[in-house]
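**Student:** As you go down the protein sequences, you meet chains G and Z in turn.
For the first sequence, our numbering begins at 1 and goes up steadily by one.
For the second sequence, our numbering begins at 1 and goes up steadily by one.
Please keep in mind that the hints were generated in silico from the structure rather than gathered at the bench.
For each residue, glycine too, the CB sits at the ideal point set by N, CA and C.
Among the hints, a few may not be true.
[Claimed, not checked] No farther apart than 20 angstroms at their CA atoms in a straight line, the calculated lysine to any residue pairs in the SDA-like style are these:
id	chain 1	residue 1	chain 2	residue 2
1	G	K77	G	L57
2	G	K102	G	D13
3	Z	K47	G	E97
4	G	K92	Z	H67
5	Z	K10	Z	N64
6	G	K103	G	I80
7	G	K40	G	E94
8	G	K40	G	G93
9	Z	K47	G	L57
10	Z	K61	G	Q59
11	G	K77	G	E63
12	G	K21	G	R58
13	G	K87	Z	I23
14	G	K21	Z	H67
15	Z	K59	G	S65
16	G	K62	Z	I23
17	G	K92	Z	I38
[Stated by the list, open to error] Simulated DEER-style distance windows between Cβ atoms:
id	chain 1	residue 1	chain 2	residue 2	range
18	G	V100	Z	K10	39 to 47 angstroms
19	Z	K76	G	E55	35 to 43 angstroms
20	G	T23	Z	N43	33 to 41 angstroms
21	Z	E65	G	K47	40 to 48 angstroms
22	G	E55	Z	E65	15 to 23 angstroms
23	Z	D18	G	L10	34 to 42 angstroms
[To be verified] Part of the chain Z face toward chain G, derived, beta carbon under 10 angstroms:
id	residue
24	K47
25	H51
26	Y55
27	L69
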Amino acid sequence: MEINKKIESLINDNEVCLFMKGTPDAPQCGFSMAVTNVLKHLNVNFKGINVLEDEDLRQGIKEFSDWPTIPQLYVKKEFIGGCDIVKEMFEKGELKELLVSKKII
Amino acid sequence: MPLPVEEIKKLIKDSIPDASIEIKDLMGDSNHYAATIISSQFNNISKIEQHKLVYKSLKGKMGNELHALSITTEGK
Chain G
1 MEINKKIESL INDNEVCLFM KGTPDAPQCG FSMAVTNVLK HLNVNFKGIN VLEDEDLRQG
61 IKEFSDWPTI PQLYVKKEFI GGCDIVKEMF EKGELKELLV SKKII
Chain Z
1 MPLPVEEIKK LIKDSIPDAS IEIKDLMGDS NHYAATIISS QFNNISKIEQ HKLVYKSLKG
61 KMGNELHALS ITTEGK
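Chain G extracted, bound-state conformation (with noise of 0.2 angstroms):
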């Protein structure tokens, strides 16, 4: 399936990649804006992808993931999550670890 591949190629290209609704500087949504803030505080290079403008995009990445909503985060190819879980991780310290661990912080 293409949107598969455009996902998969996306994935590949950015160490961490949010799929997300709205961009990193304007997210129109309140939860993308919770894991964008999250990601910023902690001095994250990270790729927004808006899911907003690829309508193929917002229903592949669900399939894709096997996830039923948007925001979601992957890094180094490995999905994360979704904002409940990015926002546990981040209150428990968990996120910092994975990200030092995985070498991007």
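Let chain G serve as the given structure and place chain Z on it in line with the hints.
**Tutor:** For chain Z alone, coordinates are given in the frame of chain G:
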């Protein structure tokens, strides 16, 4: 169409019978919820798998009728 709290609880209970479920209607609009779900089915599986079990119990409503449900899961 907003989904009432009782309906959400029932859907989760149907799939995860031993779940203790607490749901808050964050804005009083039956559209933005926060749920805490505790079940032995979450023992020894990853957070992602735990949340997927909850999403599956909601039978495709998540992201559709159910606009915003933030989820916290715990094993027991």
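**Student:** Output the indices of the hints that this structure fails to meet, ascending.
**Tutor:** Failing hints, ascending: 4, 9, 16 and 21.
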